[in-house]
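Trainee: Build the full structure now, drawing on both the sequences and the hints.
Given next are the chains, with one letter for each unit.
Number of protein chains: 2
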Amino acid sequence: MVDTARFLADLHDLRKIGTYKTGVHRPTYTKEDMESRRWLMDRMTECGLEPEMDGIGNVIGRHKGAGPHLLVGSHIETQNHAGWLDGALGVVSGLALARAGLPVDVIAFADEEGHYGGFIGSRSFIGQLEDAEIDRLANRYHGKPLREALKEAGLEGRPRMRCAEGRYRGFLEMHIEQGTQLESAGLRVGVVTGIVAIRQWKLVFTGMQDHAGGTTMAERRDAGLSAIRLLAEIDRQFPLVCGPRSTWTTGRISLDPGAASIIPGRCEVLFQLRDVDTAIIARMEERLHALVQESNRREKCPCVLEPVSLSTPALCDQALQQALADAAEALAPGAWQRMPSGAGHDAQYIARVMPAAMLFTPSINGISHHWAEDTKEEDLALCVRVLAEGAARYLAA
Amino acid sequence: MVDTARFLADLHDLRKIGTYKTGVHRPTYTKEDMESRRWLMDRMTECGLEPEMDGIGNVIGRHKGAGPHLLVGSHIETQNHAGWLDGALGVVSGLALARAGLPVDVIAFADEEGHYGGFIGSRSFIGQLEDAEIDRLANRYHGKPLREALKEAGLEGRPRMRCAEGRYRGFLEMHIEQGTQLESAGLRVGVVTGIVAIRQWKLVFTGMQDHAGGTTMAERRDAGLSAIRLLAEIDRQFPLVCGPRSTWTTGRISLDPGAASIIPGRCEVLFQLRDVDTAIIARMEERLHALVQESNRREKCPCVLEPVSLSTPALCDQALQQALADAAEALAPGAWQRMPSGAGHDAQYIARVMPAAMLFTPSINGISHHWAEDTKEEDLALCVRVLAEGAARYLAA
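If you read the sequences in order, they're chains A and B.
Letter 356 of the first sequence, counting from 1, is numbered 356 in the UniProt record's numbering, and no numbers are missing.
Letter 96 of the second sequence, counting from 1, is numbered 96 in the UniProt record's numbering, and no numbers are missing.
No lab work stands behind these hints: they were computed from the structure.
C-beta: ideal position from N, C-alpha, C; glycine also.
Check before you lean on any hint, since a few could be wrong.
Distance ranges between label pairs, derived from CB positions [unchecked claim]:
id: 1; chain 1: B; residue 1: LYS300; chain 2: A; residue 2: LEU240; range: 17 to 25 Å
id: 2; chain 1: A; residue 1: ILE364; chain 2: B; residue 2: GLU130; range: 48 to 56 Å
id: 3; chain 1: B; residue 1: THR216; chain 2: A; residue 2: TYR141; range: 23 to 31 Å
id: 4; chain 1: A; residue 1: GLY186; chain 2: B; residue 2: THR206; range: 24 to 32 Å
id: 5; chain 1: A; residue 1: VAL304; chain 2: B; residue 2: GLY101; range: 55 to 63 Å
id: 6; chain 1: A; residue 1: GLY243; chain 2: B; residue 2: ARG236; range: 25 to 33 Å
id: 7; chain 1: B; residue 1: GLN293; chain 2: A; residue 2: ASN296; range: 30 to 38 Å
id: 8; chain 1: B; residue 1: THR206; chain 2: A; residue 2: GLU152; range: 36 to 44 Å
Capping the alpha-carbon separation at 30 Å, the derived lysine-lysine pairs in DSBU-like fashion look like this [what the hints assert, rightly or not]:
id: 9; chain 1: B; residue 1: LYS300; chain 2: B; residue 2: LYS202
id: 10; chain 1: B; residue 1: LYS202; chain 2: A; residue 2: LYS300
id: 11; chain 1: B; residue 1: LYS16; chain 2: B; residue 2: LYS376
id: 12; chain 1: B; residue 1: LYS151; chain 2: B; residue 2: LYS31
id: 13; chain 1: A; residue 1: LYS300; chain 2: B; residue 2: LYS151
id: 14; chain 1: A; residue 1: LYS202; chain 2: A; residue 2: LYS31
id: 15; chain 1: A; residue 1: LYS31; chain 2: A; residue 2: LYS16
id: 16; chain 1: A; residue 1: LYS31; chain 2: A; residue 2: LYS144
id: 17; chain 1: B; residue 1: LYS300; chain 2: A; residue 2: LYS202
id: 18; chain 1: B; residue 1: LYS16; chain 2: B; residue 2: LYS144
id: 19; chain 1: B; residue 1: LYS151; chain 2: B; residue 2: LYS16
id: 20; chain 1: A; residue 1: LYS144; chain 2: A; residue 2: LYS64
id: 21; chain 1: B; residue 1: LYS144; chain 2: B; residue 2: LYS21
id: 22; chain 1: A; residue 1: LYS376; chain 2: B; residue 2: LYS300
id: 23; chain 1: A; residue 1: LYS202; chain 2: B; residue 2: LYS21
Mentor: Right under this line is the structure:
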């Protein structure tokens with residue numbers, strides 16, 4: 001039913017736009033990114049879909065016939081110097097389902113990767129992006145205001161589309177796993193159970209900057225040391241309260257002034273935790289607060305926990321999951337598993353307005369956000385067939 | 001014997017060169033720094049000393065009469081936006097002793113503060129600075145090669161002076177404490193017992209960069225976490241092997257790539273320890289190596305200990321110490337103590353070629369390397385009198 005050869009050809013065509021080594025460098029709203037969006041609109045037209053690009057750069061190809069419809073897609077821009085499949089896979093699989101005759105709209109949400117603001121495309125689509133926020137946003141690498149980028153991309157003044165109420169029975173996003181769980185287990189397909197919630201904080205420790213030699217250990221107030229002690233305690237205690245699939249990560253530690261012979265007077269830590277289960281998140285968050293409170297009682301350098309962001313888990317729809325699971329068992333018996341997504345995806349926002357589900361392909365060596373990212377073509381082909389079969393079963397039910 | 005009013009007036013004059021708020025910004029070889037060296041040479045001439053500036057910027061004023069002589073001095077440049085006394089105090093106290101009729105040469109060693117290379121002036125003076133090293137050195141903030149700075153300062157091609165063998169019975173350096181021990185104890189004079197050795201390392205941890213969400217806790221190799229665990233272990237175990245006055249400090253931690261959602265694949269730590277007792281240093285160093293070895297057995301991210309620098313402690317001469325102690329007891333009975341110096345000074349290098357000693361004045365609030373650095377004028381005046389009395393007693397013995 002699915003023309004997998006055409007599907008793979010489309011992927012290889014798309015990777016030529018913004019090629020970087022074996023990957024792609026196609027940041028949002030750049031020349032290459034806009035070229036890829038026009039490429040997509042041409043492919044949509046060829047599939048018999050009606051294409052449209054909106055004021056935030058979302059590209060949709062609408063099925064011209066009667067519903068019920070499914071929405072299928074992902075994002076089309078890339079991280080800097082990253083891979084050829086992250087995002088592109090989900091969009092091109094939509095084209096494959098359309099070409100196979102399924103009643104799908106295909107969509108590419110703008111800037112899921114957050115060059116300007118994470119998930120602004122999908123958030124705009126569900127009505128959760130205000131103009132005031134667009135006014136505030138700027139590129140995280142070079143600071144160009146989003147308004148300026150949209151203008152340069154020719155999108156200024158163009159209205160932003162909203163999800164048509166009642167049109168879709170669900171949303172499907174196929175994506176690379178970005179981890180090694182499928183590969184390590186020797187499996188080929190992942191039916192996603194949900195997308196983790198991410199809680200992020202900045203921990204700020206305040207001490208007293210001073211000379212490393214002239215200040216005794218007793219009198220110093222070393223903000224870096226208080227941070228290390230707290231992080232070591234988190235390391236010891238989180239395993240006691242976490243779930244089987246929880247993750248927690250310290251991504252950045254900054255000592256100020258950061259000189260070899262100066263006791264740090266200030267320390268900032270970026271810390272985050274993830275799980276798909278809200279009860280487990282609550283336990284870990286409670287433990288974090290308790291550890292910070294205990295640190296503040298005991299240490300000389302007080303810590304302030306500044307929330308940076310918090311998302312809620314997005315559970316994948318049970319019926320959609322089952323359809324995908326049945327399709328996987330039919331096409332890849334014993335070679336699939338259910339699993340959560342540790343990374344955020346557009347699907348987590350679309351899940352707020354309709355049933356949503358995701359399908360994972362393996363990632364070779366788990367490489368992600370890197371130009372060496374890759375997946376075997378036979379697994380890509382298998383997964384798009386599972387996606388189509390799952391979509392068909394779900395619509396038939 | 002010492003004209004303390006003139007001494008204080010000299011200090012206030014000198015602070016006008018490169019004034020910054022209540023402090024001074026006079027980095028080595030800048031216009032202001034060279035102006036201060038010429039100012040010094042004029043003061044030396046007035047004192048009846050024969051001034052000379054050499055090829056590294058050392059400024060010496062030689063006593064014209066018979067010996068035995070003492071060498072008295074410190075450094076005249078400052079850290080960026082720092083205080084008015086750090087270094088200047090020791091140089092101007094030398095002028096005060098010369099004016100009081102003591103047979104002293106006065107010296108300002110270049111770049112003790114290490115804008116280009118720490119202690120290059122005093123090291124050059126004792127014959128431990130090769131031309132090849134001067135060729136390699138560059139400004140640590142803006143990268144200008146030392147050779148270029150010397151040329152711009154008009155010192156190119158000028159020969160570098162060496163300590164005249166047999167001319168001096170000792171070296172004296174008065175300096176602010178840069179800590180709070182005198183102030184906390186309510187004391188006014190510190191007779192320094194020795195200058196700590198400083199051992200510095202860069203600890204490099206190597207893990208695997210990966211996605212914070214998509215990588216399970218079991219499979220990740222978080223270089224930052226291995227670093228935190230080791231630093232926490234050092235924090236626990238060093239108190240068991242350290243001495244009463246040891247210090248150890250982590251000044252910088254760098255996680256790479258340092259992004260909130262990326263597991264660090266690499267971590268660098270700048271760590272140092274200080275003590276005046278070589279046996280204690282050996283114990284702490286041994287424990288550090290043992291902890292790194294244990295970490296490498298247990299952790300997934302190996303640590304490499306890269307030595308950055310190691311100095312040896314410089315003990316102050318017993319006879320010079322005693323002379324200063326007797327002078328302190330005579331002029332400030334019960335208001336002084338013996339104490340080590342936790343910071344490095346030119347004296348630690350001069351100690352390699354002659355008996356050397358230091359005298360500390362209190363630092364208000366221990367503030368150092370900051371424009372708010374200060375000491376009460378009555379304490380400055382008291383200490384220069386103790387310095388002169390100590391010098392006289394030592395020469396008479």
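Trainee: Take the hints in turn and mark each one as holding or not.
Mentor: The hints, checked one at a time:
For the hinted restraint 17 to 25 Å between LYS300 of chain B and LEU240 of chain A, the CB-CB distance of approximately 21 Å keeps it satisfied. The hinted range of 48 to 56 Å is satisfied by ILE364 of chain A and GLU130 of chain B, whose Cβ atoms lie roughly 52 Å apart. Remark: the range hint 23 to 31 Å for THR216 of chain B to TYR141 of chain A is upheld by a beta-carbon distance near 29 Å. Restraint check, GLY186 of chain A to THR206 of chain B: a C-beta distance of roughly 28 Å satisfies the suggested window 24 to 32 Å.
In this structure the hint that VAL304 of chain A and GLY101 of chain B lie 55 to 63 Å apart at CB holds, the actual value being about 59 Å. Taking the beta carbon of each, GLY243 of chain A and ARG236 of chain B are about 30 Å apart, inside 25 to 33 Å as hinted. A hinted range of 30 to 38 Å for the beta carbons of GLN293 of chain B and ASN296 of chain A is consistent with their spacing of about 34 Å. Judged by the Cβ atoms, the range 36 to 44 Å given for THR206 of chain B and GLU152 of chain A holds: they are separated by roughly 41 Å.
Restraint check for LYS300 of chain B and LYS202 of chain B: the C-alpha separation of about 19 Å stays at or below 30 Å, so the hint holds. Proximity of LYS202 of chain B to LYS300 of chain A is assessed by CA-CA distance (about 26 Å); at most 30 Å being required, the pair is judged to hold. Of the supplied pair hints, the one linking LYS16 of chain B and LYS376 of chain B holds, its CA atoms being roughly 18 Å apart against a limit of 30 Å. Restraint check for LYS151 of chain B and LYS31 of chain B: satisfied, since their Cα atoms lie roughly 12 Å apart, inside the 30 Å limit.
Of the supplied pair hints, the one linking LYS300 of chain A and LYS151 of chain B is violated, its CA atoms being roughly 48 Å apart against a limit of 30 Å. Under the criterion of a C-alpha separation no larger than 30 Å, the hint pairing LYS202 of chain A with LYS31 of chain A is inconsistent with the structure, at around 35 Å. Straight-line distance between C-alpha atoms of LYS31 of chain A and LYS16 of chain A comes to about 13 Å, which keeps the hinted pair within the 30 Å bound. Between LYS31 of chain A and LYS144 of chain A the alpha-carbon distance is near 15 Å, which keeps this suggested pair within the 30 Å criterion.
A C-alpha spacing of about 26 Å is found between LYS300 of chain B and LYS202 of chain A, which places the hinted pair at or below 30 Å, so the restraint holds. For the hint pairing LYS16 of chain B with LYS144 of chain B, the CA-to-CA distance comes to about 26 Å; that is within 30 Å, so the pair holds. Our distance criterion of 30 Å between C-alpha atoms is met by LYS151 of chain B and LYS16 of chain B, whose separation comes to about 25 Å. The hinted pair formed by LYS144 of chain A and LYS64 of chain A fails the criterion: a straight-line CA distance of about 38 Å is larger than 30 Å.
With a C-alpha separation of about 26 Å, the suggested pair LYS144 of chain B and LYS21 of chain B falls inside the 30 Å cut-off, and the hint holds. Distance hint between LYS376 of chain A and LYS300 of chain B is fulfilled; the C-alpha atoms sit about 29 Å from each other, no more than 30 Å. Taken as a hint, the LYS202 of chain A and LYS21 of chain B pair is broken in the structure, with Cα atoms around 33 Å apart against an allowance of 30 Å.
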